[in-house]
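Undergrad: As they're listed, the protein sequences go chains A and B.
Mapping of the first sequence onto the numbering used here: position 3 corresponds to residue 3, and the numbering continues sequentially without gaps.
Just so we're on the same page, the numbering used here is the position in the second sequence counted from 1, plus 226.
Worth double-checking, as some hints may not be accurate.
What the hints assert, rightly or not - Okay, derived cross-link-like pairs now, BS3-like style, lysine-lysine, Cα gap no bigger than 30 Å in a straight line:
id: 1; chain 1: A; residue 1: 2; chain 2: B; residue 2: 340
id: 2; chain 1: B; residue 1: 315; chain 2: A; residue 2: 214
id: 3; chain 1: B; residue 1: 246; chain 2: B; residue 2: 315
Just so you know, the hints here were simulated from the structure itself, not pulled from any lab data.
Since the structure is predicted, the reported quantities are computational estimates derived from the model, not experimental observations.
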Amino acid sequence: MKIFAVIPNYNERGRIGAVVRDLLPRVHRVVVVDDGSSDGSAEEARAAGADVVVHVLNRGQGAALKTGTVLAVAEGADVVVHFDADGQHDPEAIPTLTTPILEGRADVVFGSRFLGVTSVGMPFSRRLLLAAARQFSGVVLGIPRTVTDPQSGMRAMTAAAAEEIDFAQDRMAHCSEILRNAYASELRCVEVPVQVRYTAETLAKGQKASDAFKIVWQLLLGAFQR
Amino acid sequence: MLIQVILVAIFAVALALTWKRASQGTVPRRDAFLWSSLWIGAAVLVLRPEVATLFAGMLGVGRGVDAVIYLSVIALFALVFRLFLRLEKMERDISSLVRTVSIAQRTEGRAQEKK
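Same shape as in the complex, but just chain A (with noise of 0.2 Å):
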């Protein structure tokens, strides 16, 4: 079976490359989407051994994601990996997302980061605002409850999968748009442990407790989307 990595791309660099590196040897191929980047990090990721698209404007995380799940569908991935580009996801987690949908257990795998594996420097602000997003995707967008990371950006989805989940939000509020579509159909999901790493860099780049906010309006704004 076929591996993609997709990763979206925006100014990461002096952390893209590395990623890359990491990943290549647990993959057949690294995807990454630059959204439109001024730093070169593009460049960085196509040395490092990446297959880079790039979008000539910035149109956020989930666009970029979209665009390399099309992407790697149309050339034959017969498993997609979504995967941050900031160095924060251990590529170790690669196979344990993937061996579900592997043996034939799953059809889309989500990593979490409250499965017992402890995340490196998550903020108790982060935890607590997580907490709280729980309780929202289960109430307002029927997520289970069973579900315990609700804005998990790692994921492995069969390519089937990927066509049928089929998610629009370009910005941030497609991590719930992917576990709302994928609990809401017939696709079989499970959740795996991973274990993220927070550093003082990621944290100032990464989303903001005013974020959920954000979400939560992108979310409202693509409910009355055709």
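Mind docking chain B on chain A? Use the hints.
TA: Frame of chain A, contents of chain B only:
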């Protein structure tokens, strides 16, 4: 009163313009009816302000002017939300376009590499 004449004239022009656009097909007929009811309603309120008081009584709001303000705020909220929805649709269309361009560029690049 002069203000009544000016406002009614503005509403009449807006009504005429709405139906001109509807006949050109740039405004859907359903929207044209909605806008027309808004213009005609506004003109009635300007010419007969006591209608607003009557309406306010029906809603349980004290003064006619208050009822008009409340309804205007609700209408404005609805219009702004519609604008947001349009913007979101436009954003998604742009993303779709950017996606198509990026995949086409890559395919083109690969074809050139093979040559």
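Undergrad: The structure should be examined with respect to each hint, and the outcome stated for every one.
TA: Verification of the hints:
no. : hint           : result
1   : 2/A to 340/B   : holds, 23 Å
2   : 315/B to 214/A : holds, 17 Å
3   : 246/B to 315/B : holds, 27 Å
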